[in-house]
Amino acid sequence: MKISETALVDMVTSFLLEGGGKVFAEVASLGQSADLVYLCGTEVTFVEVKVNAISRAIGQCRAHELVADYICIATATKSISANNLDTIKELGYGLISCQVGGRCTWIVRPKKLAKYWGPIRTQVVERILVGVRDGT
Amino acid sequence: MALEHWMTFATFSEQEFFTYPTESTYHGVILNGNMVAHAPAGIAAFLLGKVNPKACFLIDPMTHAFQHSPETISNDKGPKSSIVKLASNYGQFIVERLGSNPIDAAAVNANLEEFTHNVLSFQWKVLEDHFRENGDAKYLEDDEVVRRPSILVAPYFYLTEENYEAWLPVMSKAAAISVKWVAGLEPVPKVYSALVIDRSMLQVDELIARTHAALASCDLDGVLLWVDEFDEIAASSLELNGLVKLCTLLRGSGLDVLNIHGGYFSCLLGSAAFGSRFTGVSHGPEFGESRGVVPVGGGIPISRFYVPGLHERMKFREFVPIALSKRWLVTAPAYHQFVCNCKECQQVIDGDPDNFSLYGESDVKNIKRKYGVVRIEFPTTDAKKRCLRHYLNKKRAEFEFVSASDRAILLEDLASAHIKFYGTESPHAGSHLTKWGKVLAAL
Chain A
-2 MKISETALVD MVTSFLLEGG GKVFAEVASL GQSADLVYLC GTEVTFVEVK
48 VNAISRAIGQ CRAHELVADY ICIATATKSI SANNLDTIKE LGYGLISCQV
98 GGRCTWIVRP KKLAKYWGPI RTQVVERILV GVRDGT
Chain B
266 MALEHWMTFA TFSEQEFFTY PTESTYHGVI LNGNMVAHAP AGIAAFLLGK
316 VNPKACFLID PMTHAFQHSP ETISNDKGPK SSIVKLASNY GQFIVERLGS
366 NPIDAAAVNA NLEEFTHNVL SFQWKVLEDH FRENGDAKYL EDDEVVRRPS
416 ILVAPYFYLT EENYEAWLPV MSKAAAISVK WVAGLEPVPK VYSALVIDRS
466 MLQVDELIAR THAALASCDL DGVLLWVDEF DEIAASSLEL NGLVKLCTLL
516 RGSGLDVLNI HGGYFSCLLG SAAFGSRFTG VSHGPEFGES RGVVPVGGGI
566 PISRFYVPGL HERMKFREFV PIALSKRWLV TAPAYHQFVC NCKECQQVID
616 GDPDNFSLYG ESDVKNIKRK YGVVRIEFPT TDAKKRCLRH YLNKKRAEFE
666 FVSASDRAIL LEDLASAHIK FYGTESPHAG SHLTKWGKVL AAL
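Residue numbers (the working numbering), protein chains in the order written: chain A, -2 to 133; chain B, 266 to 708.
Where hints are given, some of them may not hold.
Here are the simulated DSBU-like pairs of lysine-lysine, each with C-alpha atoms no more than 35 Å apart in a straight line [to be verified]:
(1) K700/B <-> K108/A
(2) K47/A <-> K703/B
(3) K703/B <-> K633/B
(4) K438/B <-> K403/B
(5) K75/A <-> K112/A
(6) K390/B <-> K112/A
(7) K633/B <-> K580/B
(8) K108/A <-> K390/B
(9) K112/A <-> K608/B
(10) K630/B <-> K19/A
(11) K580/B <-> K703/B
(12) K(-1)/A <-> K19/A
(13) K685/B <-> K109/A
(14) K112/A <-> K455/B
(15) K108/A <-> K510/B
Treat the hints as calculated values from the structure; they're not laboratory data. Just so we're clear, the structure is a prediction, and the values are computed from it rather than from any experiment.
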């Protein structure tokens, strides 16, 4: 049975919430939209959720480096190419695997990137928090 | 002679930029015929109130619009109203086909004399009454009120490898008719044709030669040049060399050549240092250095920053990592030394390099889509204006630089910019800067 992207987003959200903090969906950032953003204390994690299409997710994650401490790709695919896996590790991103009926597990733990640029990060995070206050 | 700097009018919201950064920046303004037909009073007010009185203008008659599939000039309700108004100025045979069939070369040929006269008459007279009726007219001398285009453009059509044999002879005849028609006008305008061509035309020497030969014998003063979707940064050396060959032939026949969608490579080609192969180059306030002949959807707007040195308008989110990795955003002096020192950047940065984020400032809006509401980020109006003012400052500087520099300086500038952005380890590895340099060095 194939898993839908919506179901995948729900699974990843539950998985992230196990660590405390808050999860926000469809966060606009630098002209793109991040599937999930996880705020915990002062740390910001961006997560791209893809049923497959890992290469595309890696491309989308590049711009998140200006905002995030951690970047992860969550996927339902069972086979990830060695090339993509190497790229994910090289870039310091995390990889979460989610399977139907199962739960999410870490395949690769993300590294703290420290590549963010303060002014942009502040703008994006403040907007998330304003959105929470406004109920949007 | 200095390269003429033209700017193309696109929307009324940008009209304040036609005297920016200085009143005398632009040699001339290009107006689209359909816009003029749709809002002549507004265009007359724009020319009287928002353009340097010494700047010239021309109206692009957009005759190629009737040659494409009707869907390309239509919206949900049928042909766009601006196109309908333009067609009504050009004659019954155009109106009859509007929205159903594109015009063909035989039909144009059969109506050519009348069609050409209508197209020229439209350009010469359409704004006449609107200048006189404009509120600002009372503050002007009589001879200042009615402005005339300094160039009239003969009917022209989009040329491809497949269709040029049918259309090129029609364009030649239209050009010859136009030259005769303007003889009685006062003041006598220049007469141009327009080469609006598919980029594949640049790759075949024979097509370049035949295109040139067809227009060189018409006694024209010049041509407007528009190569469809020609991005100078992405263009191949073959295409860049084709562009060089075409404009070299046209200039060699004594014709002015105004590239209506050109970037820095065109500016370099237009410099005296590289043989003044263009007499002028135009762009829009919102870029327009490359444009498709057939309009396509614009997509979601995103902030773009014109990167000096690269001569490329980059996505803000793509330039910031480069600037951070090179430590250009560490201090304000570093920013001004390595990125930009224009007056807009001085104002925006204001001593704090973090203020560079203002070029990427955005708002998030909820947009209704087929499957629900999505949150999409849009550049703020202020951010768009900042990016635009910075771009216009840099364009002015580029035109001045190419006009004042010799070829050694211009080539060295490209080479050093390549090293600045791509490093010294592989200075000969490819970038558009080295590609441009090679093409130009061979001239």
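The hints, checked one at a time:
Proximity of K700/B to K108/A is assessed by CA-CA distance (about 39 Å); at most 35 Å being required, the pair is judged violated. Pair hint K47/A plus K703/B does not hold up; C-alpha atoms about 43 Å apart against a cutoff of 35 Å. A threshold of 35 Å between alpha carbons decides the hint, and for K703/B with K633/B the separation of about 49 Å lies outside it, so the pair is violated. A C-alpha spacing of about 42 Å is found between K438/B and K403/B, which places the hinted pair above 35 Å, so the restraint is violated.
For the hint linking K75/A to K112/A, the alpha-carbon distance of about 30 Å falls within 35 Å, and the restraint holds. With a CA separation close to 59 Å, the supplied pair K390/B and K112/A exceeds the 35 Å bound. For the suggested pair K633/B and K580/B, the alpha carbons sit about 25 Å apart, so the restraint of at most 35 Å is met. Using a Cα cut-off of 35 Å, the hinted pair K108/A and K390/B is violated, with the two alpha carbons roughly 68 Å apart.
A C-alpha spacing of about 29 Å is found between K112/A and K608/B, which places the hinted pair at or below 35 Å, so the restraint holds. For the hint linking K630/B to K19/A, the alpha-carbon distance of about 22 Å falls within 35 Å, and the restraint holds. Our distance criterion of 35 Å between C-alpha atoms is met by K580/B and K703/B, whose separation comes to about 27 Å. For the hint linking K(-1)/A to K19/A, the alpha-carbon distance of about 28 Å falls within 35 Å, and the restraint holds.
Restraint check for K685/B and K109/A: the C-alpha separation of about 29 Å stays at or below 35 Å, so the hint holds. Between the alpha carbons of K112/A and K455/B the distance comes to roughly 56 Å, so the proposed pair goes past 35 Å and is violated. A distance of roughly 53 Å separates the Cα atoms of K108/A and K510/B; the hinted pair therefore is violated under the 35 Å criterion.
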